[in-house]
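There are 2 protein chains.
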Amino acid sequence: MEKPKTVNNSWNSLVAWVLAGKVRAMARMITRVEDREPGWKDAMKAIYSASGSAKVIGITGPPGAGKSSLTCEIAQELVRLGQKVGIIAVDPTSPFTGGSLLGDRLRMKKIFTTKEVFIRSMATRGMLGGLSHAARDVARIMDASGKDIILIETVGVGQDEIEVVKAADLVMMVCIPGQGDGIQALKAGVMEIADIFIINKADLPGADEVMADIGSMLALSSETGHPIPPVLKTSALKSHGIRDLVATLLTYQTEKNIQDFKRENQAKEEILSLMENEVFRSIHNRLEQSGELSNAVRQMIDKKKDPYSIVTELLQQLDGKAYLFKA
Amino acid sequence: MEKPKTVNNSWNSLVAWVLAGKVRAMARMITRVEDREPGWKDAMKAIYSASGSAKVIGITGPPGAGKSSLTCEIAQELVRLGQKVGIIAVDPTSPFTGGSLLGDRLRMKKIFTTKEVFIRSMATRGMLGGLSHAARDVARIMDASGKDIILIETVGVGQDEIEVVKAADLVMMVCIPGQGDGIQALKAGVMEIADIFIINKADLPGADEVMADIGSMLALSSETGHPIPPVLKTSALKSHGIRDLVATLLTYQTEKNIQDFKRENQAKEEILSLMENEVFRSIHNRLEQSGELSNAVRQMIDKKKDPYSIVTELLQQLDGKAYLFKA
Numbered sequence: 001m002e003k004p005k006t007v008n009n010s011w012n013s014l015v016a017w018v019l020a021g022k023v024r025a026m027a028r029m030i031t032r033v034e035d036r037e038p039g040w041k042d043a044m045k046a047i048y049s050a051s052g053s054a055k056v057i058g059i060t061g062p063p064g065a066g067k068s069s070l071t072c073e074i075a076q077e078l079v080r081l082g083q084k085v086g087i088i089a090v091d092p093t094s095p096f097t098g099g100s101l102l103g104d105r106l107r108m109k110k111i112f113t114t115k116e117v118f119i120r121s122m123a124t125r126g127m128l129g130g131l132s133h134a135a136r137d138v139a140r141i142m143d144a145s146g147k148d149i150i151l152i153e154t155v156g157v158g159q160d161e162i163e164v165v166k167a168a169d170l171v172m173m174v175c176i177p178g179q180g181d182g183i184q185a186l187k188a189g190v191m192e193i194a195d196i197f198i199i200n201k202a203d204l205p206g207a208d209e210v211m212a213d214i215g216s217m218l219a220l221s222s223e224t225g226h227p228i229p230p231v232l233k234t235s236a237l238k239s240h241g242i243r244d245l246v247a248t249l250l251t252y253q254t255e256k257n258i259q260d261f262k263r264e265n266q267a268k269e270e271i272l273s274l275m276e277n278e279v280f281r282s283i284h285n286r287l288e289q290s291g292e293l294s295n296a297v298r299q300m301i302d303k304k305k306d307p308y309s310i311v312t313e314l315l316q317q318l319d320g321k322a323y324l325f326k327a
Numbered sequence: 001m002e003k004p005k006t007v008n009n010s011w012n013s014l015v016a017w018v019l020a021g022k023v024r025a026m027a028r029m030i031t032r033v034e035d036r037e038p039g040w041k042d043a044m045k046a047i048y049s050a051s052g053s054a055k056v057i058g059i060t061g062p063p064g065a066g067k068s069s070l071t072c073e074i075a076q077e078l079v080r081l082g083q084k085v086g087i088i089a090v091d092p093t094s095p096f097t098g099g100s101l102l103g104d105r106l107r108m109k110k111i112f113t114t115k116e117v118f119i120r121s122m123a124t125r126g127m128l129g130g131l132s133h134a135a136r137d138v139a140r141i142m143d144a145s146g147k148d149i150i151l152i153e154t155v156g157v158g159q160d161e162i163e164v165v166k167a168a169d170l171v172m173m174v175c176i177p178g179q180g181d182g183i184q185a186l187k188a189g190v191m192e193i194a195d196i197f198i199i200n201k202a203d204l205p206g207a208d209e210v211m212a213d214i215g216s217m218l219a220l221s222s223e224t225g226h227p228i229p230p231v232l233k234t235s236a237l238k239s240h241g242i243r244d245l246v247a248t249l250l251t252y253q254t255e256k257n258i259q260d261f262k263r264e265n266q267a268k269e270e271i272l273s274l275m276e277n278e279v280f281r282s283i284h285n286r287l288e289q290s291g292e293l294s295n296a297v298r299q300m301i302d303k304k305k306d307p308y309s310i311v312t313e314l315l316q317q318l319d320g321k322a323y324l325f326k327a
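Read top to bottom, the protein sequences are chains A and B. Take the first sequence: its letter number 160 is residue 160 in this note's numbering, and every next letter is one higher. Take the second sequence: its letter number 223 is residue 223 in this note's numbering, and every next letter is one higher.
No wet-lab data here; the hints were simulated from the structure. Here a beta-carbon is modelled for each residue, glycine too, at the ideal position from N, C-alpha and C. Please note that the accuracy of each hint is not assured.
When the alpha-carbon atoms are kept at most 25 angstroms apart in a straight line, the in silico DSS-like pairs for lysine-lysine are as follows [stated by the list, open to error]:
1) A/K262 x B/K166
2) B/K304 x A/K305
3) A/K45 x B/K256
4) B/K268 x A/K166
5) B/K256 x B/K55
6) A/K303 x B/K304
7) B/K303 x A/K238
8) B/K233 x A/K303
9) A/K305 x B/K303
10) A/K262 x B/K22
11) A/K303 x B/K305
12) A/K84 x A/K115
13) A/K55 x B/K303
14) A/K304 x B/K303
15) A/K303 x B/K303
16) A/K45 x B/K305
17) A/K268 x B/K303
18) A/K55 x A/K41
19) A/K303 x A/K55
20) B/K166 x A/K41
Every beta carbon over 12 angstroms from chain B, so not counted as near; a handful from chain A, in silico [what the hints assert, rightly or not]:
21) E34
22) A207
23) N265
24) E278
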């Protein structure tokens with residue numbers, strides 16, 4: 001690709017650099033899209049057609065399952081196989097901070113120096129437009145910038161965090177020995193989202209038990225006609241089982257009807273959430289600027305009105321206002 | 001209170017029974033409000049003025065900290081002191097299920113038979129209008145029905161779960177020994193929401209260390225002028241420290257300016273989220289019914305259009321439509 005003629009902060013040149021696979025441009029575009037800088041949507045449109053070829057893998061599981069270490073190992077093996085890798089670490093342990101932890105970055109340090117791997121961590125809070133949406137945008141930018149595989153690591157607790165992995169093509173559920181209760185807890189609905197099960201820390205006592213637990217749980221659900229997901233053992237710290245796992249990840253094919261169903265839901269979810277954000281941002285702005293919101297808050301605190309009546313009145317005032325959706 | 005003349009499924013009589021403190025009516029109203037049955041908003045309006053006197057206590061902390069056991073112990077002690085207690089258990093361990101776990105209910109069994117305690121568990125997913133909103137409605141119904149104290153138990157991971165405790169008057173953070181990393185993880189922002197710290201399982205080794213960790217973290221933040229929250233030790237399984245804890249909960253007074261700030265944010269959050277739900281439900285219904293949504297999904301999957309352009313077009317079509325907000 002030719003070097004763009006004007007290198008400035010404009011979206012056009014930034015997009016060109018992203019499409020040319022430049023790392024700093026990718027980082028910068030992610031930040032600007034996350035911040036919803038004016039023009040972000042046109043920029044996302046511009047890279048859209050270049051996206052769609054990367055495989056997005058969601059890595060989830062309970063806190064302490066070793067997801068970060070495993071993500072590092074997987075990334076290293078992928079690089080060895082010649083793949084370009086993007087990692088999105090959705091920080092699960094600091095839901096309060098609005099920022100990401102140094103700890104995660106340190107654990108990731110091992111692969112920080114590999115230029116084939118691009119790592120981006122995201123706070124779980126304060127993402128404009130919601131967490132799953134932000135993660136999807138980041139993955140799309142990495143994808144358009146030439147990454148072959150994108151790993152999204154997130155904890156398997158919390159609705160928003162689960163929404164994140166639902167946007168992946170393939171979901172790995174990481175379990176560890178001694179988590180009988182944990183498996184029980186996941187039992188009822190995890191089948192819907194997990195394509196591959198990993199027993200990490202498989203050198204610890206109890207690995208066979210947890211494998212049996214998962215096996216019997218999967219056998220039960222296979223009666224409904226779904227294919228039985230593979231269950232693999234790894235030890236991220238000892239680098240055991242990583243090659244098999246990566247080979248499985250690369251060759252895994254989701255059944256066509258399941259894949260179609262997933263894609264449809266993903267598209268629907270994306271359209272609706274983009275829309276919801278646009279509409280709501282514009283309503284919120286208007287209520288803030290007009291002082292209607294602070295009035296309403298005052299009335300509610302002073303117990304002059306209940307929140308339900310307040311909302312009915314505010315909606316009546318908004319009703320049919322043409323300027324409402326000028327984002 | 002007089003017995004209402006007509007006892008049927010209408011909201012009017014149900015509301016009357018709720019206000020009279022009838023347990024079955026309370027359970028029924030919660031279900032109907034959760035299901036957003038037509039008329040739910042008027043019913044919530046009708047009980048609103050009877051609510052506001054209960055103290056809502058959020059109990060949060062990492063998985064495995066013993067929050068459920070602690071909640072049981074606190075409830076028992078409160079009952080001994082003559083308080084009527086409501087418990088809202090937001091099930092943290094089964095984010096996938098859309099339902100709650102038998103396990104939690106079993107742990108709660110100890111106090112199930114006490115008629116002064118009303119327990120309601122909520123799934124973390126699929127709540128119409130969002131989790132924090134649903135929890136707030138349930139708390140308000142319990143409050144209007146005469147409960148003095150409402151305990152909301154939820155895991156301290158995940159944005160939605162944190163929103164839940166932010167709606168409480170008072171937040172207890174439950175920690176356990178051997179969680180040095182956990183404390184570090186919470187460090188940066190937990191001060192904003194935790195009013196009281198509990199070290200549960202305080203008979204285990206490491207209790208003093210975690211107490212020291214919390215102490216030094218709190219000392220750091222006290223420099224910003226906030227009062228230092230109390231730190232208490234308990235052992236829920238051995239019923240140690242429960243009386244002191246409950247005494248602290250009952251007498252704890254949040255500083256006035258912090259309390260005002262909290263109330264204002266809670267009111268604002270409630271108004272905005274109620275509004276967002278109303279608006280979005282009506283947009284969503286329209287897009288589903290008109291077939292616009294399924295068309296858009298098709299175009300996106302076939303890569304004929306990007307989601308950003310699709311949303312812009314859909315918004316243009318919706319713009320200024322007066323019927324938009326007829327909920």
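Each hint tested on the structure:
1. A/K262 x B/K166: 34 angstroms, violated
2. B/K304 x A/K305: Between B/K304 and A/K305 the Cα gap is close to 49 angstroms, so the pair fails against 25 angstroms, i.e. violated.
3. A/K45 x B/K256: Given that 25 angstroms is the threshold and the Cα spacing comes to 49 angstroms, the pair is violated.
4. B/K268 x A/K166: 30 angstroms, violated
5. B/K256 x B/K55: Holds, because 16 angstroms separates the two Cα atoms, which is no more than 25 angstroms.
6. A/K303 x B/K304: 52 angstroms, violated
7. B/K303 x A/K238: Not OK: B/K303 and A/K238 at ~43 angstroms, beyond 25 angstroms, violated.
8. B/K233 x A/K303: 38 angstroms, violated
9. A/K305 x B/K303: 49 angstroms, violated
10. A/K262 x B/K22: 45 angstroms, violated
11. A/K303 x B/K305: 49 angstroms, violated
12. A/K84 x A/K115: Measuring from Cα to Cα gives roughly 9 angstroms; hence the hint holds.
13. A/K55 x B/K303: At roughly 17 angstroms apart (the allowed maximum being 25 angstroms), B/K303 and A/K55 satisfy the hint.
14. A/K304 x B/K303: 52 angstroms, violated
15. A/K303 x B/K303: Answer violated: A/K303 to B/K303 is near 52 angstroms, above 25 angstroms.
16. A/K45 x B/K305: 9 angstroms, holds
17. A/K268 x B/K303: Cα-Cα ~14 angstroms, so holds.
18. A/K55 x A/K41: Given that 25 angstroms is the threshold and the Cα spacing comes to 23 angstroms, the pair holds.
19. A/K303 x A/K55: Violated, because 53 angstroms separates the two Cα atoms, which is more than 25 angstroms.
20. B/K166 x A/K41: 32 angstroms, violated
21. E34: At about 15 angstroms from chain B, A/E34 clears the 12 angstroms cut-off, so the statement holds.
22. A207: 20 angstroms, holds
23. N265: 9 angstroms, violated
24. E278: 6 angstroms, violated
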